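Q: Protein chains in written order, with our numbering: chain A, 1 to 88; chain B, 1001 to 1513.
Accuracy of the hints is not assured; some may be wrong.
Pairs of lysine-lysine, DSSO-like flavour, derived with a Cα cap of 30 Å [what the hints assert, rightly or not]:
id	chain 1	residue 1	chain 2	residue 2
1	A	84	A	18
2	A	48	A	13
3	A	13	B	1468
4	A	48	A	84
5	A	48	A	18
6	A	18	B	1499
7	B	1494	A	48
8	B	1468	B	1453
9	B	1453	B	1494
10	B	1468	B	1494
11	A	13	A	84
12	A	48	B	1468
13	A	48	B	1453
14	B	1453	A	13
15	B	1468	B	1499
16	B	1453	B	1499
In silico negatives: residues of chain A with every beta carbon more than 12 Å from chain B [claimed, not checked]:
id	residue
17	3
18	34
19	58
20	83
Here are the simulated distance ranges between beta carbons [said to hold, decoys possible]:
id	chain 1	residue 1	chain 2	residue 2	range
21	A	23	B	1050	40 to 46 Å
22	A	3	B	1089	34 to 40 Å
23	B	1245	A	23	43 to 49 Å
24	B	1269	A	23	55 to 61 Å
25	A	30	B	1318	26 to 32 Å
26	B	1089	A	70	41 to 47 Å
27	A	37	B	1316	40 to 46 Å
28	A	37	B	1504	47 to 53 Å
Simulated from the structure, these hints should not be mistaken for laboratory data.
In this text the structure is predicted, and so the values were computed from the model without any measurement.
Glycine residues also receive a C-beta, built at the ideal position from the N, C-alpha and C atoms.
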Amino acid sequence: MADRQNEITTATKAFILKEFLPGEDPDELLDTTPLLSGGILDSISTVKLVGFLEDTYGIEFQAHEISEDHLDTLQLVAQLVQEKLGSS
Amino acid sequence: MRLTELLERSAARAPEHVAIESGAGEGLSYGALDRQAEELAHALRSHGVGPGDRVGLQLPKSIASVVSIFASMKAGGAYVPVDSQAPLDRNTTIFGDCGVRAIVVGRAQCDALCAALTAAAAADEHAAVFSVAAELPRDLVLLTTDAERQPGPPDLAYILSTSGSTGRPKGVQLTHGNALSFVHWCADTFDVGPDDRFSSHAPFHFDLSILDIYLSLGTGGTLVLIDEDTGRQPRALAPLIAERRLTVWYSTPSILALLVQHGRLERHDASALRYVLFAGEVFPVRHLRTLTELWPTARYFNLYGPTETNVCTFHEVTLPVPAQRHEPYPIGHACAHVETRVLDERGAPVPGGTAGELCVRGAPVTAGYWNLPERTASAFHATDEGAPWYRTGDIVHGSADGYVFAGRQDRMVKRRGYRIELGEVEARLHRHPDVTEVAVIALPHEDDGVQIKAFMCWGNGSRPSLIKLKAFCANELPGSMVPDVFSHHESLPKTSTDKVDYQRLRSLGDDPA
Chain A
1 MADRQNEITT ATKAFILKEF LPGEDPDELL DTTPLLSGGI LDSISTVKLV
51 GFLEDTYGIE FQAHEISEDH LDTLQLVAQL VQEKLGSS
Chain B
1001 MRLTELLERS AARAPEHVAI ESGAGEGLSY GALDRQAEEL AHALRSHGVG
1051 PGDRVGLQLP KSIASVVSIF ASMKAGGAYV PVDSQAPLDR NTTIFGDCGV
1101 RAIVVGRAQC DALCAALTAA AAADEHAAVF SVAAELPRDL VLLTTDAERQ
1151 PGPPDLAYIL STSGSTGRPK GVQLTHGNAL SFVHWCADTF DVGPDDRFSS
1201 HAPFHFDLSI LDIYLSLGTG GTLVLIDEDT GRQPRALAPL IAERRLTVWY
1251 STPSILALLV QHGRLERHDA SALRYVLFAG EVFPVRHLRT LTELWPTARY
1301 FNLYGPTETN VCTFHEVTLP VPAQRHEPYP IGHACAHVET RVLDERGAPV
1351 PGGTAGELCV RGAPVTAGYW NLPERTASAF HATDEGAPWY RTGDIVHGSA
1401 DGYVFAGRQD RMVKRRGYRI ELGEVEARLH RHPDVTEVAV IALPHEDDGV
1451 QIKAFMCWGN GSRPSLIKLK AFCANELPGS MVPDVFSHHE SLPKTSTDKV
1501 DYQRLRSLGD DPA
């Protein structure tokens, strides 16, 4: 369970670093770094992140889940993805 | 005639018909909207708002914000709407520059705005001091000032702020007559009526909202409000368009391109759509082609016009969009209510087909910028015959299908439909305490239209991480102005007069300084 969550976190972190934080020191992006409220992801990059997660894990997000409440940190993202994988 | 009469006439004709629907689905009839606006106008008057006064509105998209717009005008004033999600010091600057007499703010934002207004007053002895005057229905709070009244023209309807090259937004003044000439052109051009259901996607501080609000309410239709968060989310927008049976859609191409790519439009029945109107920037043809295939029932119009003129040229896209077409559609021919001309630097007409600056005059054209006589003077070409020509700054050339947009002659760019002066982005980035030099350029980008690239120089060893820099931007800049790319350097290339050399910047690599 924890392994799976770590794996999701690592993959999501790699995607965000590559797409939205090119050249950033990976150590600066923590599991708790605010993504939406911290200005790392704007509305368009959030939509792209959701597309990546859906394609990678074969899951689907509801419109209300594409929000700060559910996606603001790597931790929250990994939790939500894992919930979706568990319920599918 | 005033814009408020559009609502009043519709309310008299069909008081029970639904005028507006909130994002959550709450409906308000024409009769109730007019009555509530009248009551709020009474409250504004009783707190000193009168003809020629400006009323600041810092409100999220809601029924309350529509009521406040009409109330401000019914009280005799003009409304000054700002982005409720923008940095507060930008909003207080706009309110200060426009000399607003009163501000209507949502209760949730009231404390933060009051703190920002107090900070602005402490920093500038000429700044007006605001205090809470009344709690109003629909969770609104009214702030007023005791500063000396400075009434503006009594026919002023609203002031929309656009990005200013010096770092300070500038306010475009539009009168009732300006707006009505545009609304009447719309009503003559588009076959719409009480059965139509209009999207209200653009925020009210953006000029696309003028068509949404006044064409729908003036023709007795229903305006469906789309809140800011939903408006940015293609996944939420696509079902809303279908379920709320929208018949008229108006937005920037950016959001339509996002809908095409991420909205899963094929899952939702949007067959009620009759018109898809877009404006504000160039629509990439491949996304437009896909959209017309997914939404085949609608007619598609490219509308063009800066805030200063509202829509002044238009072009209907002939369907189907040919598979081999790549070049963007033209901005088209002049609307019936304006005169247009392509002029050279000196204000002389250019020969047909040659590129030049598109200039506009006529009933919808602004009288100028609020309190900025020099900016106003430089925005117009004086002429011996008739009214002066407003200079759009857009370079166009003529074609059989009307004008074709060919670029800008200054440092303004369009991003997600918003006008952005790169100078304002530079001025905002300069506020970072460790920055020593900043220069910003725009680069063409296939999906985003343009990307903003910032070249930054930092004091010794003080360069922040990209994450910290983005957090700084999120606090300092409206979302549409945040650079896409940062490039860090020891110093920036200069011209012989020691100004930043923007030509050489473009060829500069990304130095990992």
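Q: Now tell me, hint by hint, if it's right for this structure.
A: Evaluation of the provided hints:
1. 84/A - 18/A: 24 Å, holds
2. 48/A - 13/A: 14 Å, holds
3. 13/A - 1468/B: The hint holds at about 17 Å.
4. 48/A - 84/A: 18 Å, holds
5. 48/A - 18/A: 12 Å, holds
6. 18/A - 1499/B: 34 Å, violated
7. 1494/B - 48/A: 38 Å, violated
8. 1468/B - 1453/B: Distance ~17 Å between residue 1468/B and residue 1453/B Cα, so the pair holds.
9. 1453/B - 1494/B: 18 Å, holds
10. 1468/B - 1494/B: 28 Å, holds
11. 13/A - 84/A: 19 Å, holds
12. 48/A - 1468/B: Answer holds: residue 48/A to residue 1468/B is near 22 Å, not above 30 Å.
13. 48/A - 1453/B: Roughly 20 Å between the alpha carbons, so the hint for residue 48/A and residue 1453/B holds.
14. 1453/B - 13/A: 24 Å, holds
15. 1468/B - 1499/B: Distance ~28 Å between residue 1468/B and residue 1499/B Cα, so the pair holds.
16. 1453/B - 1499/B: 18 Å, holds
17. 3: 27 Å, holds
18. 34: 8 Å, violated
19. 58: 15 Å, holds
20. 83: 18 Å, holds
21. 23/A - 1050/B: 40 to 46 Å: The hinted range 40 to 46 Å is violated for residue 23/A and residue 1050/B, with Cβ atoms some 56 Å apart.
22. 3/A - 1089/B: 34 to 40 Å: 47 Å Cβ-Cβ, so the 34 to 40 Å window is violated.
23. 1245/B - 23/A: 43 to 49 Å: Check passed, 47 Å falls within 43 to 49 Å.
24. 1269/B - 23/A: 55 to 61 Å: 45 Å, violated
25. 30/A - 1318/B: 26 to 32 Å: For residue 1318/B against residue 30/A, whose Cβ atoms are near 53 Å apart, the range 26 to 32 Å is violated.
26. 1089/B - 70/A: 41 to 47 Å: Since the Cβ atoms of residue 1089/B and residue 70/A sit about 30 Å apart, the hinted range of 41 to 47 Å is violated.
27. 37/A - 1316/B: 40 to 46 Å: This hint holds: roughly 42 Å between Cβ atoms.
28. 37/A - 1504/B: 47 to 53 Å: 37 Å, violated
Figure legend: structure checked against the earlier numbered hints; hints not met, in rising order: 6, 7, 18, 21, 22, 24, 25, 26 and 28.
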